[in-house]
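Asker: Chains A and B, in that order, give the protein sequences.
Residue 33 in our numbering is what sits at position 33 of the first sequence, and the numbering runs on without skipping anything.
Every position in the second sequence, counted from 1, becomes a number in our numbering once 1000 is added.
Since the hints were made in silico from the structure, they are not lab data.
A few of these clues could be false.
Below, simulated DSS-like cross-link-like pairs (lysine-lysine); rule was C-alpha separation at most 25 Å, straight line [said to hold, decoys possible]: (1) A:K96 <-> A:K137; (2) B:K1023 <-> B:K1054; (3) A:K93 <-> A:K112; (4) A:K95 <-> A:K148; (5) A:K116 <-> A:K137; (6) A:K137 <-> A:K148; (7) A:K46 <-> A:K116; (8) A:K112 <-> A:K137; (9) A:K123 <-> A:K284; (10) A:K93 <-> B:K1054; (11) A:K284 <-> A:K116; (12) B:K1054 <-> A:K2; (13) B:K1054 <-> A:K96; (14) B:K1049 <-> A:K2; (15) A:K148 <-> A:K112; (16) A:K137 <-> A:K181; (17) A:K2 <-> B:K1023; (18) B:K1008 <-> A:K93.
Sample of chain B residues lacking proximity to chain A, with all beta carbon distances greater than 12 Å (derived) [said to hold, decoys possible]: (19) I1002; (20) I1012; (21) L1025; (22) R1052.
Computed from the model, here is a short list of chain B residues facing chain A with C-beta under 10 Å [unchecked claim]: (23) L1033; (24) I1035; (25) H1045; (26) V1056.
For glycine and all other residues, C-beta sits at the position ideal for the given N, C-alpha and C.
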Amino acid sequence: MKCRLCGQEAHISLRSYNTALCSQDFVFFLEKRVSDTIQKYHLIDKNDLPIVAVSGGKDSLSVWHILNRLGYEADGVYVDLGIGDYSRESLEKIKKAAEQLQRKIFVFHIKKIFEKSIDEIAKAIRRVPCSACGMIKRYVMNKVCIDKGYTVLVTGHNLDDEAAALMGNLLYWKEEYLWKKSPFLEGREGHLSRKVKPLFLCSEREMAAYALISDIDYIYEECPFSVGAKSLTYKNILNNLEETSPGTKLQFIKGYLKTVKVGEETQRDISYCASCGYPCYGDKCTMCRLLDRFHIENRIDFDVYSDNLDLSKKMMT
Amino acid sequence: MIIDLDGKTYEIEKSMEVSRLLKQLSLSRETHLVIVNDRLVTEDHRLGKDDRVKLVRVVSGG
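Required output: the full structure, derived from the provided sequences and hints.
Answerer: What follows is the structure, encoded as structure tokens:
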């Protein structure tokens, strides 16, 4: 196959676009797609102060890399779940990326506050690890934005993540979640940060190719608790469809965006946590209730790694 | 050629196209990228008997 733009040997075929590109032109193509998504959906303004939720995986490290290449000076936030080598290796990859980008990284170590890993916390509150993990991550990532003045939280959710989640919500008709399938989620001044997904229209395959071509050193291993996750089953089904009908995932998501009025929350009575101000449906948010349950009075704090990683320092929020 | 898939290595003598290799291993081009001698290649790339081939899984998440 030849690159459609330069005629040299192609390195990736993009069947959903009926084309093939060499590495150099593919990087240009993908970065332009992310830039166009940011512009079209007004995801990040030049006056914004963005921070990227990084996990050490290909998508979050790539979006962090791309934003900084596009001129958006974005720092990072990482939640260390305390899952042995998996968490340690993820943090090493993130520190390396922070050093290369010369950006700051905020790290929340679950074990420092709870003295337990995520699976031990989940067991104690009788939840599955993914549920406890999601709850804590949402809280911590919001908190770093509110406390440190970041105006937008960027996540690495890609086309496949969104298509799989949409498929799951449609199969079980979870109408209350359908509005969330959007490239952005509005915030609430002083309480909830605005969230954006610049990779909304970039496939998982494209993001893996981008990370490989750009020498982004990401963690290849999966979270040990993701084994058997339904989202992986949906991704498998969608990839089988994509194999025979290229462009299916893109049409699924694009069609959804055209059909549904996105970014608006369904009407529910939302109040704010009496302890911390985080949006909740009662007097206290789930995170404050969790801290109460474990009799933890310490405030949520972050380790901060600056661009010179030898000068790591701790900051209280 | 030497094939690396999820940390396991396999040896295949016969020269073939990438698409055929993926088919033989029951892998989809949607879920795996193919790196030959440290370079990403397309499905029509002809693999040689001395090539080092790495198959990279792209699907992640839970």
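Asker: Look at each hint and say if it fits the structure.
Answerer: Taking the hints in turn, this is what the structure says about them:
| no. | hint | in the structure |
| --- | --- | --- |
| 1 | A:K96 <-> A:K137 | 22 Å, holds |
| 2 | B:K1023 <-> B:K1054 | 15 Å, holds |
| 3 | A:K93 <-> A:K112 | 20 Å, holds |
| 4 | A:K95 <-> A:K148 | 20 Å, holds |
| 5 | A:K116 <-> A:K137 | 15 Å, holds |
| 6 | A:K137 <-> A:K148 | 16 Å, holds |
| 7 | A:K46 <-> A:K116 | 40 Å, violated |
| 8 | A:K112 <-> A:K137 | 15 Å, holds |
| 9 | A:K123 <-> A:K284 | 21 Å, holds |
| 10 | A:K93 <-> B:K1054 | 21 Å, holds |
| 11 | A:K284 <-> A:K116 | 22 Å, holds |
| 12 | B:K1054 <-> A:K2 | 22 Å, holds |
| 13 | B:K1054 <-> A:K96 | 24 Å, holds |
| 14 | B:K1049 <-> A:K2 | 23 Å, holds |
| 15 | A:K148 <-> A:K112 | 20 Å, holds |
| 16 | A:K137 <-> A:K181 | 19 Å, holds |
| 17 | A:K2 <-> B:K1023 | 22 Å, holds |
| 18 | B:K1008 <-> A:K93 | 23 Å, holds |
| 19 | I1002 | 18 Å, holds |
| 20 | I1012 | 22 Å, holds |
| 21 | L1025 | 15 Å, holds |
| 22 | R1052 | 15 Å, holds |
| 23 | L1033 | 6 Å, holds |
| 24 | I1035 | 7 Å, holds |
| 25 | H1045 | 8 Å, holds |
| 26 | V1056 | 6 Å, holds |
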